[in-house]
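> Assembling the complex is the task here: the two chains are given apart, and the hints tell you how they should meet.
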Amino acid sequence: MHPELIKPVKKVRGGVKVPHSKNTKDMPVNRLPAPETVYLPMNQHIGAPCEPVVKVGDTVKVGQLIGDSDKYVCAPIHASVSGKVSAIKELRTATGVVSKTVIIENDGEMTEFDGIEPPKIDTREEFIQAVRQSGLVGLGGAGFPTHVKLNFKQDAGIDTLIINAAECEPYITVDYRECVDNSWHVFNGIHLVKDMLGFKKVIIAVEDNKPEAIKILERIAEKNDDRDEIKVMPLKSKYPQGAEKMMVLSATGRKVPPGKLPADVGCVVMNVASAAFIARFVRTGRPLVSRSLTVDGSAVANPQNVRVPVGTEIEYIIQKCGGYSEEPVKIVTGGPMMGAAIVDTHRPILKSNNAILVLGKEDISVKKQTDCIRCGRCAKACPLSLMPTIIEKYAKAKDYSALKAAGTMVCMECGSCAYSCPAGRPLVQYMRNAKAVLREEAGK
Amino acid sequence: MSENTAEKKLLTVSASPHRRTQDTTRGIMLDVIIAMIPALVLSVVLFGFDSLKLVLVSVAFSVLFEWLCRKVMKRDNTIGDLSAIVTGILLAFNLPSTMPLYMVIIGDAVAIIVVKQFFGGIGQNFVNPALVGRIVLMMSFPTYTNNFAEPFAWKIDKIDAVSGATPLALFAGNYSHDAAVSVMNSSELPGLSQMFFGIRAGCLGETCAAALIVGALYLFIRKVISPTIPLCYIGTVAVIMLIRGGGSLSFTAYQVMAGGLLLGAIFMATDYTTSPMSFKGKVIYAVGCGIITSLIRIFGSLPEGVSFSIILMNILVPHIERLTHSRPFGAVKEKKEKKEKEATA
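For the record, the sequence lines run as chains S and F. Quick note on the working numbering: the first sequence kicks off at 1 and runs consecutively. Quick note on the working numbering: the second sequence kicks off at 1 and runs consecutively.
Calculated from the structure, these hints are not laboratory results. One thing to keep in mind: the hints can contain errors.
Said to hold, decoys possible - Coverage of chain S stretches by chain F, computed from C-beta distances (three or more under 8 angstroms per stretch; other residues unrestricted): (1) 198–210; (2) 331–344.
Said to hold, decoys possible - Reference excerpt, derived from the structure (chain F facing chain S, CB under 8 angstroms, subset only): (3) Thr12; (4) Ser14; (5) Thr21; (6) Tyr272.
What the hints assert, rightly or not - Think about it this way: if two alpha-carbon atoms lie no more than 20 angstroms apart in a straight line, the pair counts; the simulated SDA-like pairs of lysine to any residue are: (7) S:Lys361 / F:Leu316; (8) S:Lys17 / F:Gly27; (9) S:Lys367 / F:Leu316; (10) F:Lys333 / S:Pro19; (11) S:Lys368 / F:Gly80; (12) S:Lys393 / F:Gly80; (13) S:Lys393 / F:Arg222; (14) S:Lys17 / F:Arg222; (15) F:Lys9 / S:Ile103; (16) S:Lys368 / F:Thr324; (17) S:Lys89 / S:Glu112; (18) F:Lys333 / S:Glu315.
Virtual Cβ for every residue (Gly too), placed ideally from N, Cα, C.
The following block holds chain F by itself, in its conformation from the complex (with noise of 0.2 angstroms):
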């Protein structure tokens, strides 16, 4: 009966469906490392070459370090689904522009190889790795870590480049009213304008406000991610300041801006594998982080607790994940369920 298909190419068969999307992986993560274009352009604007050199080298590593780790573990390679380089970015958009190459290079180590590799590779990986990575160079070279330079340092001259003070660092410790009043008015702190659009000292990604809610909204255009994680963290942030703040408006604007708090929020609490699927999961992961990140601030003796927070919130992921399971369709809640047996009964 089957002479002739017997000549011909056997057909394919597979399980249904037989028509796919063509999102892809790598095309998430190209339109991630697009969302965050504005805030790397601004980043070199701020702070000068030096930044795009501190972002290049770490993707390059990061990329490197990738494939390494695939050649080595014999799996295949992976450096094409685009992760490592946002990894690299994030990295690099977490540190100051002062900080020497060669540390940089350790962060990425320590993001790809042990955060994300010894765990088995992208979408495995517990913790958020550029932020382990970032963690990781605070604790071993904190002078390093805090040396921020003041923005358009680079245009004056490289020799007298003046390190400045964060405003996070400035309101540290000054959470009284009072205290923060005088902050506020001092003329060290910068406008509110100048922080929206980051003429401020700080990491290299995180002081422009515009470009990170550029990226932001390019991203839930694009549907790549939802803005439940970004409302509910920055709100909650938002929430607890403006509470602590007296209600006062320029506070919590200030609260809300500085430090990476918007960077966090957008970029890096949203990474799909480290947060939760659920809608009602993502609410609880994101006010967590809200909570963590103000207490940090307010009680903590660090002026900046976004990283913290996320890698806490993190680790509590696959508990809130089970909380927060989806009920299948037309299922009954258990506890409906054991009332109406009792009720049988």
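This is chain S alone, in the form it adopts within the complex (with noise of 0.2 angstroms):
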């Protein structure tokens, strides 16, 4: 019946249920007109930050180059508006990272950049340098320049493509909007990657409570020639699904070392998102300026999913999307597992984010954190088998050889353990704590 279709190789362990709260899935992305001002910081990425290569009063287009570096991890930023460098300076980003921000001042004629042409792609070399010269990151949430992560040794023994469009996050939708609207994007990407690359097996993984996505990642697959190379993986709808590690697991049953990355097992893990961006990049030559985001909560008056230069101002998205219907409580960036919760709104958007969340009184039940009664199920729902809840005594008791070999340094702090926590502790703070005190000894 469904030939395309593959089933898990292995089971995740433990996760949550989240509610899904997709309420955004069926609005397909609306185009946001163009602020008047766009601060683009030079550290959009993982890795080391760009220089700027403007200065005030230069006059750019949309894609002009305005920031790199020479390091080798790192992404390269393009102007996101046609106008003037209003200022460069020293500024905070959302999550309070302070980092040199390019500020430029839209003249509202979004004029593209005349050097914008479809790059020449023979080789492989020529395709990592045109992926990093698109300056694209990991589309789905971390950041990690894409170009870093395609750059492997041919003779490393990496076998397998897993393009992530599982989206376990609640909320997100623009990952799946990305699969219906721009299914054709997503197939020459996919392709690209994969021949470009030469991958032996493409795995795409889907969760299953978007069965849309499925039937239109299917006939991707159906459509290539050599039918045994690209298959659609749909899994359980369970959170945290779509983490890096879990999506490894379920597509190879390999597990990827503490401290390791996916490439080491093998596999590259690619956002869906991200293989539609390079097809649209190697055809256009436009690089990475903007991106779709789904703005949700029951504090912001319209959701929806929205498509905004990179380096728009939180709070221009959220008044172009109705304003606040309430006084909000709380707003993150991203989903509301991993997300930062932001202080001010006067902050951009960055390459990396995908949702804006605000969430009113309704969404956020604030519990009374109490004392841990053992019950046990921080250790039941994390996926990677650690035992938050003894991890927090010793980082307390700064007992440094049981920390390291509790394994607290492989927590992805997807936040299952603090969502299923009876007593409301906030276990990803003491997660994050652990770290601290074992990076403190390291430092030593």
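Here it is, written out as structure tokens:
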């Protein structure tokens, strides 16, 4: 019946059943008018920050390079509107990181940079170089420069490309919309990456709460000449199925060892929107200057999916979505499980942000923190087999060897433990504390 | 840049995740209380309002002691989490209906003040409070804790209320094959169906197997406890008794339903605070409970060993936990690692 569908090789342990709240799944992405000013931090990715290559007073056009670095783990940054560079100064991003920021006053023209043309790609090296020039970072949320991920040694035994369309965080639907609305780009992107880098096997992973996306991805897999090479893997809807290590386990049965990357077990995991972007970039040469976001939560008037220039103020986006329908309690960039709560909405959207959640009273259940009753639900929920409540105690006692043995550094901060804690303990915070304790010891 | 936000109320900032389960400690404790209601109702049916009085007094004083302790220690009051109520009911469940009320209050004081609050309150005690309360009463007032009323005695006449022997008291010292057979043939021992529905002498909550099993099923369905500990505990006792009884199923059934085994395995051994968290740990702990219970019954001078066996295993929990630490995702076994190192070296 469905020759393109495959079952996960191994089941992910633990995890939690979080209400999906995919309220915006039927809303195609709405392109918002560009704001008057964009703020482009030079540190939008994991790795070395960029240095501005423009000066105050320069006129820039859409897609023009404004920040780059000669460091390897880094992705260049391009102007997302046309206009004048009004200032370059140190500003805080939404999550509190201070970063050199290029501020551009929009001239309203959105003139495209003259130098934009489809990249010439014949070899693998040229492809990876092109991905670097596009400024692409993982669009799923982590913001790791994609060219670094793709630039593995050919003899390193990497055989499987996993396309992550799981989107297991509640609320967020932009990857789903990418599959439904831009399925052609997704198709082309997957093929490009597969052919350019010589993957033998491609597995597209998607949670089964998105049957329409599964259907479309199945057709993408069908269109492949060699049918055995691309498969779609529906996953049971359970948080955090979409986490990188979980994805590798489901697709191949391999476990990424502590401190290692998927590449160490022969896999590359790539977000579905990143793949679609690569297809667009190769066709047009337009670098990453805008991105799709889910704007949702009970305190925003018109929840929807929007596309905005990178560097747009969060406040501007909320206002364009009808403003606040009630006093917001918490505003989060990213999903409710791993996203960061922000203090000030006058901060720019980064390349890696995939959602703005304006959470009101009904979204937030403030639970008083009480003593641990040792019910073990955190340990049961941990997909990485850690025991958060015990690690919390080790951290308090500063027991370094116990902390190390308990695998503290393995924690990916998915939040399953804190979600399931009946005593309302902020276990992710404690895990971070535990990591800090270990780092402090390592630094001595 | 932020004139606008300055006028508004500041946003809440906290570590992720920003969503939490609806489950609470209070909800869990409430589920445990609900699961004990069938056994409570049966105890009133079997032993009359004496048993209800006992439970109510025990609960009232447990809560009172908890409240007082927290007050005196100047800590947040925790009576709202309902755990003191659970302890109160459990202590009463482990006593005969004839118990004088002031003794119950002493038991509550030991359980709540000494065992629970002295060690820091909920989640901190290293042994089960209700069980220690019971053991202290057993040691201090043995004649009272062994004075069991016959079921339905309350219906006949208060003054004539006969004190009955529990099935395990009949079996005590009679675990050799012939002796066990003669006990099973004696008219004093209730039939197996009577055992199942609790028509026998015993502590309040322990007699009715049916009611306890209903409670257990409720807790399993609500996912408050996993079946691991009850099944391994009862299973271990069943296997040992099956061997001891020379394969006699009815002897095994008596041993499983008699005494406090079901009550202990379902409601006491599964106490979160004093049992291991991991599956492997739970199995070791429960099998240990089963072995000690059987040994005390067969070789000990006491007719029953559930309380002691759970307490003994409670004490071992930190060690069991250390031995059964779960291995982090993707980490290789130490032995394997060593081997690999040797291979490369």
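> Compare the structure with each hint and give your call.
Here's how the hints hold up against the structure:
no.: 1; hint: 198–210; verdict: violated (count 0)
no.: 2; hint: 331–344; verdict: holds (count 11)
no.: 3; hint: Thr12; verdict: holds (5 angstroms)
no.: 4; hint: Ser14; verdict: holds (6 angstroms)
no.: 5; hint: Thr21; verdict: holds (5 angstroms)
no.: 6; hint: Tyr272; verdict: holds (5 angstroms)
no.: 7; hint: S:Lys361 / F:Leu316; verdict: violated (45 angstroms)
no.: 8; hint: S:Lys17 / F:Gly27; verdict: holds (18 angstroms)
no.: 9; hint: S:Lys367 / F:Leu316; verdict: violated (33 angstroms)
no.: 10; hint: F:Lys333 / S:Pro19; verdict: violated (36 angstroms)
no.: 11; hint: S:Lys368 / F:Gly80; verdict: holds (12 angstroms)
no.: 12; hint: S:Lys393 / F:Gly80; verdict: violated (25 angstroms)
no.: 13; hint: S:Lys393 / F:Arg222; verdict: violated (28 angstroms)
no.: 14; hint: S:Lys17 / F:Arg222; verdict: holds (15 angstroms)
no.: 15; hint: F:Lys9 / S:Ile103; verdict: violated (28 angstroms)
no.: 16; hint: S:Lys368 / F:Thr324; verdict: violated (31 angstroms)
no.: 17; hint: S:Lys89 / S:Glu112; verdict: violated (25 angstroms)
no.: 18; hint: F:Lys333 / S:Glu315; verdict: violated (50 angstroms)
In summary, the numbered hints that this structure violates are 1, 7, 9, 10, 12, 13, 15, 16, 17, 18.
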